[in-house]
Amino acid sequence: MATGFFTDATLCIGCKACEVACKQWNELPSDGFEFTGNSYDNTSQLSGTTWRHVDFVERESFDESGLKTSWSMVSDVCKHCTNAGCLEACPTGAIVRNEFGSVFVQPDICNGCGYCVVSCPFGVIDLIEAVGRGDDAKKYGLATLHDDRLNDRKTAVQATGGVAGKCSLCFDRQRVGMVPACAKACPTESIQFGEIEELHERAKRRVETLQERGVEARLYGADDIGGGIGALNAFFLLTESPEAYNLPVEPVLPSTRQTMGYAAAAAAALTLATIGWAIFRGDA
Amino acid sequence: MKSYYDRPLLKGPHWGANVVTYLFLGGIMGGLGLISLLSDDRPEPAMKKLRKATRYTAFALAAINPPILISHLGRPERFLNMLRIVKFKSPMSLGVWGLVLYSGAAGANALRELADDGIVPSALRYVAPSATVPIQALLGAFMAGYTGVLISATAIPLWAAGKRHIPAFSVCSGAASASALATLLSTLQGNHEVIPRLERLEMAASALEIVTIADFRKRGGRATAPLFEGRVGKRLRDYTILGGIVVPFVLNAVGGAVRLPKSIDALRSIAASMLTLIGGYVLRESLIEAGKLSANDPQAAFRQPS
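These protein sequence lines are chains A and B, in that order.
Just so we're aligned, residue 414 is where the first sequence starts under our numbering, counting upward by one.
Just so we're aligned, residue -6 is where the second sequence starts under our numbering, counting upward by one.
You may find that some hints are simply not true.
[What the hints assert, rightly or not] Coverage of chain B stretches by chain A, computed from C-beta distances (three or more under 8 Å per stretch; other residues unrestricted):
(1) 73 to 84
(2) 155 to 161
(3) 194 to 200
[As the list claims (entries may be wrong)] Reference listing, derived: stretches of chain B covered by chain A, where coverage requires no fewer than 3 residues with Cβ under 8 Å from a Cβ of chain A:
(4) -2 to 11
(5) 105 to 113
(6) 225 to 236
In short, the hints are calculated from the structure, not lab data.
Source: prediction; values computed, not measured.
C-beta: ideal position from N, C-alpha, C; glycine also.
If we strip away everything but chain A, and leave its shape as in the complex, we get (with noise of 0.2 Å):
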């Protein structure tokens, strides 16, 4: 049975627990501090090393008591996509899908090439480069680990050589029954853990409810998202279009347009090996 995340903007608070726990349980070095001015997101985005992010979407309007700013505020996370461009895209098979419906990076087997990274059609994974001792080490924040503890781990930043990183929907959690993690933190049951089928269920009611009461609310990914991606495992309650939150409004699926890819390359070489073959064989 699948499982999934039903992320709703309408619960979340903002309160980051989601980022916390994430990296607490995942291990995930500290990406630098910088404040970027933009509302109180300064994660910024997903990354390697990043995997919830809470957007912040600012509203300002006027009325007649003045200004007024209104958030709409959210946690992304890997769509896990029913056909997924990274797992397509990846030479060494070492992206998979599990037994909860996950797409799992193992990053013993990833080999650090980063083309899925560019087959994201949600910017989601990325490569975590090199992780050692010394400078290295420290720079993510993992100078203080025992030297057993570093040896041991056995997470993606371990890995020398950079490796693919993205959220393994608490893989390791979920073999022994419980809760991912930033699930298990949020304080408002903005995130849902679940089987598809039942966060589905209770997103459809979620969504009426809400429009009764005059909220526009939308899914993002409860149903076929178009270009070829499917569904996703990890899908959405927004009150804002897509853009608003950085997620694409028509995401494409990019191994699709292979078969043409290879079409025009193939009419290329015949023309060329024709021409080739009059100007040097021509007279034979």
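Given chain A, put chain B in place with the hints provided.
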């Protein structure tokens, strides 16, 4: 226009000069496979010399290109991870197998020439059947084309928009660069007889290449802008379009039409060849660099090319 603080939606490629070089040499390997086939089994000594030159060069490139690819993996032994599966949906996976098989075919063809030259025992030629010549040409076409498919089968808007154009002009550029390299080698060897033919092949490939690039540009829109505008666009125009296609085309056309003194003609063909090779490298470099810029434009990524 709506966006999330104008933050990039996509992640750009982590690829640098070693991947650019790999793509460039892969294209040349492809073109050399074609020239090796075209000059195969011909009685003229000049053709025989050209055949040998292309086969030895193709084999040399097949030997140095994998290490260049491996160098971007950080840990060399991880190249082997790609040999644990064959995945038809991944151009990267198919490409690695194409490279391995091409190297085998190029090795067989080089071995047969070595036996023919008496450098290795002549009995060894029977190890390498002559069928490897068309096989190398076929795999070569794949080598030159798959890099274009690999790039366009991604989410990067610029690359995705070129799903037909990029594979096609990659093949053309590979053939033009291979002809240029073969011309260069033949000039250095004093094998002048084959040069007019090589230059005509180069002109045909370059003409098809520039038409395809122009058509890609005409498609226009936000997605293709990073390749044709700004710093990358200027570099592409100067080094690839003008320096790498137009100028060598004119030089080759002059060489075909006018009988120049031998030394000047040699200089002319060396200049044309060098310019074509530089243009081919810059084309690959511009594609990668423009891809990085394209990934940073969220507006181009909200609605992705089909």
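Do the hints match the structure? See the list:
With 8 residues carrying a beta carbon less than 8 Å from a beta carbon of chain A, the stretch 73 to 84 of chain B meets the three-residue requirement, and the given coverage holds. For the stretch 155 to 161 of chain B, the stated coverage by chain A holds: 6 residues have a C-beta nearer than 8 Å to a C-beta of that chain, and at least 3 were required. For the stretch 194 to 200 of chain B, the proposed coverage by chain A is satisfied: 3 residues have a C-beta within less than 8 Å of a C-beta in that chain, meeting the threshold of three. Counting residues of the stretch -2 to 11 of chain B whose C-beta lies closer than 8 Å to any C-beta of chain A gives 10; at least three are required, and the coverage claim holds.
A stretch counts as covered by a chain when three or more of its residues have a beta carbon under 8 Å from one of that chain; for the stretch 105 to 113 of chain B and chain A the count is 0, and the coverage is violated. Counting residues of the stretch 225 to 236 of chain B whose beta carbon lies closer than 8 Å to any beta carbon of chain A gives 0, which falls short of the minimum of three for the stated coverage.
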